[in-house]
Each structure stands twice: as C-alpha cells, then as structure tokens.
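Just so you know, the sequence shown maps onto residues -18 to 350 in the working numbering.
What the hints contain is simulated information worked out from the structure, not anything from laboratory work.
Please note that a few of the clues may not be correct.
[Stated by the list, open to error] Capping the alpha-carbon separation at 30 angstroms, the derived lysine-lysine pairs in BS3-like fashion look like this:
| id | residue 1 | residue 2 |
| --- | --- | --- |
| 1 | K207 | K236 |
| 2 | K178 | K72 |
| 3 | K178 | K245 |
| 4 | K207 | K72 |
[Stated by the list, open to error] Estimated spans, in silico, between C-beta atoms of each pair:
| id | residue 1 | residue 2 | range |
| --- | --- | --- | --- |
| 5 | G262 | E77 | 19 to 27 angstroms |
| 6 | V316 | S13 | 33 to 41 angstroms |
| 7 | T26 | S218 | 20 to 28 angstroms |
| 8 | A202 | A294 | 25 to 33 angstroms |
| 9 | G289 | S327 | 21 to 29 angstroms |
| 10 | V1 | H305 | 22 to 30 angstroms |
| 11 | I81 | G325 | 37 to 45 angstroms |
| 12 | D22 | D(-4) | 22 to 30 angstroms |
| 13 | I219 | E272 | 22 to 30 angstroms |
| 14 | G274 | V1 | 27 to 35 angstroms |
| 15 | G262 | A294 | 15 to 23 angstroms |
| 16 | W308 | P110 | 28 to 36 angstroms |
Keep in mind that this is a model prediction, so the values were computed, not measured.
Ideal Cβ placement from N, Cα and C applies to all residues, glycine included.
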Amino acid sequence: MESGVRRITSTRLIDHDGRVREGDFLIHKDGSYSRSSGDEDVIETIEGSNLVVTRSLQNWHTHLPMTLNRSMGEGLSLMDWLQTSIFPSEKNLTPELASIGTRASVAEMISGGTTFACDMYHFPSSIAPVVAESGIRGIICGPTTDWPPSEEGESDSGNALKELDSLIRSGPLGSGRVEIGIATHAVYTCSEEILRKASEMSRELGARLHIHTSETREEVAQCHEKTGMYPIEYLDSIDYFTEGTVCAHCGWVTKKEMRILARKGAHAVHCPVSNQKLACGGTMSYPAMIEAGVDVRLGTDGAASNNGLDMRAEAKAASLIQRHDHWDATILDPVETWQLATRGSSDWVTWDLSDIRMRPRGRGGRRIL
C-alpha cells in the first residue's frame, strides 16, 4: 500500500454526493478514500466515533493579507470604500506585513476547515511561502501593475510583469500544493494593454488568471459606456479568457455573458457576504449560471469586506440569498450548498461532534487530512 494512508475507525464520512457512510475508512494520499478491512499498513489510526469526516472547504476568492484591514471602512459603498479606505491603506503595505497578514488568515481558514485559497494581492513572493509552509493548497495570484498607483489612480505594468514572470517560472511551492497565478484587478483598473499582456502570459506559462468582474452596477455601466460592451463581453472581445480563469463576484451579468463564461471554461465565484456589506446591489444568479453551464465556486473575498474568512458562514449566506432573491426555498439545499463550498477539494477534515462549535478536531483545534 502507498505511504501516507490514514485509517479512521467507527466514523461517519460524507463525500461530495452528500450520502453518509458509516464504518472504518482509509484516507489515501491522493485524496481518495476506501473501506478499511483493518489489516492495512497505515501511518496513523484515528478513532472516529465522535467525528464526521468531510471534504474540506475551498475559498475561491480572497485577499489573504487583508486580515490586517479587517472590517475597515464600514458603511461605505464599494468605490468609496476602495478610494477612501483601502487604496490609501495599501500604500503602507510592505512584504513583511503581507506575510504577517497571510499567516493570520491561513490560521483562521484552517480553524474553520478550509484548506485552499485562490488569492489576489500584492507581494505574492511573500504570500506564497507562508501558504506553502502551512500545508494548505493555494493559487497565489500576483499583480500585473506597479503599486501604488498615481494620484490619478493610474499605474503601468513597469517591472510588475517581469517580476511575476520570474516568480511563475520558479515553479510551484510546497511540493506542488501552491502555484502562482496572474491577477488583473478589474476592467476599471487595468488597461486593455495590461489585460492582453496578462492573457498572453497565462497562455505562455500555463498560469491561472484571476479578475474581479461585474461586481457593481456602476462598473458595468462605465464599461458599457466606454466600450459598448458589458465587462465579460469586453474581456471576451480582447481574447482575455484562458482555461480556468477565476471571475470573482459576477453579480451584474447577462445571460449572454454567462454563456461566454461557460464556453471559456471560467469559474464564476459567488461572494455573497462581501457583496451585501458593500451594497453591490446585484447578486449572482446561481440558477441561471448553472443552467448556462457555468462552473460556480464560492469565496469569502477579503476580511476587510467580509469581516471574516469562515466558509461555513459564506455557504449559509449563499443559500439564503439565492432563495430570497429567487423566491424559491428549494435552491441550494444543504447537499448542494456543501458541494458548492467544497468543489475542487482533494483534502479531508474531521469535525468534532463533541465540540459545541463543531470545529475541526486535532492538535491546535484542527485536523486536516
């Protein structure tokens, strides 16, 4: 038998299909599982009578260092929040602070059963090693523009693309668990030239693209006024999308744009808590996305706009807001909600039923397999 196999005895295991299985199980190094006969060679046996074993949660859009900005700028709409609170504070960001903020965020996510983050932020060379050291998985997407921008809110690619190119070419970290991606903040902060360069780099290096899109009505209206197209249409017109592009928010999206996302193999990431805090007004239409064939994922956004990084709370918020907005209590039932929150997971979490807060069990309050 391959090394790295763990046995969990007398437990309940819930896989992506939502069915509860009882008995003794082997958790394999590749993330698969099988029934245990009890005589296999394993590196560890875990007594599981008080445990429930599930796939781990996956955070598909966040800004890890922003735990340092937690709850900043309360009572502001998105653009006011960015311009008066976030962008000014980020001018004081350093690689050391990015590392410290990331470490705090990773600890918070692990304590809630999350083992993957798709991050978008400055100083990826400071963020990625912290994520790799923690043992979780991640796609750490670095910026394609210099930072901070000018007083006019503009920035150019400068050395940012060269530095990102070098970081991507250096290869994944943490035995392949952590890869480097390419962040293009949004259509309103990136020129067409930068968007095209990022897409070309993605194709050349096989790196993931990550962008905020159609988060607010204002963003959508400005893009349409400037280009005659809505954001996702515009991105498609300049051949931006590559396989697996991560599109955060997608709250103001037409059905035509949903078909584009499906055709391009993009991930649309629902961030309901952040969108509600910043009064973005539009909610991703989950049923329409699924009908169009879009691969939908779930994310917290950063702790500055979410006030936390709890994917369990995010899953609950997603289910409730979809039911509320569509007047349909059958949307995102518990099984489908859990599938959404764990989509793409190859790790397992053991949840402690003897803990009143039902946290992951193990040393330091966690047990990630």
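So, going through the hints one by one against the coordinates:
{"no.": "1", "hint": "K207 x K236", "in the structure": "holds (21 angstroms)"}
{"no.": "2", "hint": "K178 x K72", "in the structure": "holds (25 angstroms)"}
{"no.": "3", "hint": "K178 x K245", "in the structure": "holds (18 angstroms)"}
{"no.": "4", "hint": "K207 x K72", "in the structure": "holds (28 angstroms)"}
{"no.": "5", "hint": "G262 x E77: 19 to 27 angstroms", "in the structure": "violated (37 angstroms)"}
{"no.": "6", "hint": "V316 x S13: 33 to 41 angstroms", "in the structure": "violated (20 angstroms)"}
{"no.": "7", "hint": "T26 x S218: 20 to 28 angstroms", "in the structure": "violated (57 angstroms)"}
{"no.": "8", "hint": "A202 x A294: 25 to 33 angstroms", "in the structure": "holds (31 angstroms)"}
{"no.": "9", "hint": "G289 x S327: 21 to 29 angstroms", "in the structure": "holds (25 angstroms)"}
{"no.": "10", "hint": "V1 x H305: 22 to 30 angstroms", "in the structure": "holds (28 angstroms)"}
{"no.": "11", "hint": "I81 x G325: 37 to 45 angstroms", "in the structure": "violated (28 angstroms)"}
{"no.": "12", "hint": "D22 x D(-4): 22 to 30 angstroms", "in the structure": "holds (24 angstroms)"}
{"no.": "13", "hint": "I219 x E272: 22 to 30 angstroms", "in the structure": "holds (27 angstroms)"}
{"no.": "14", "hint": "G274 x V1: 27 to 35 angstroms", "in the structure": "holds (30 angstroms)"}
{"no.": "15", "hint": "G262 x A294: 15 to 23 angstroms", "in the structure": "holds (21 angstroms)"}
{"no.": "16", "hint": "W308 x P110: 28 to 36 angstroms", "in the structure": "violated (47 angstroms)"}
This entry does not satisfy hints 5, 6, 7, 11 and 16, going by the numbered hints stated previously.
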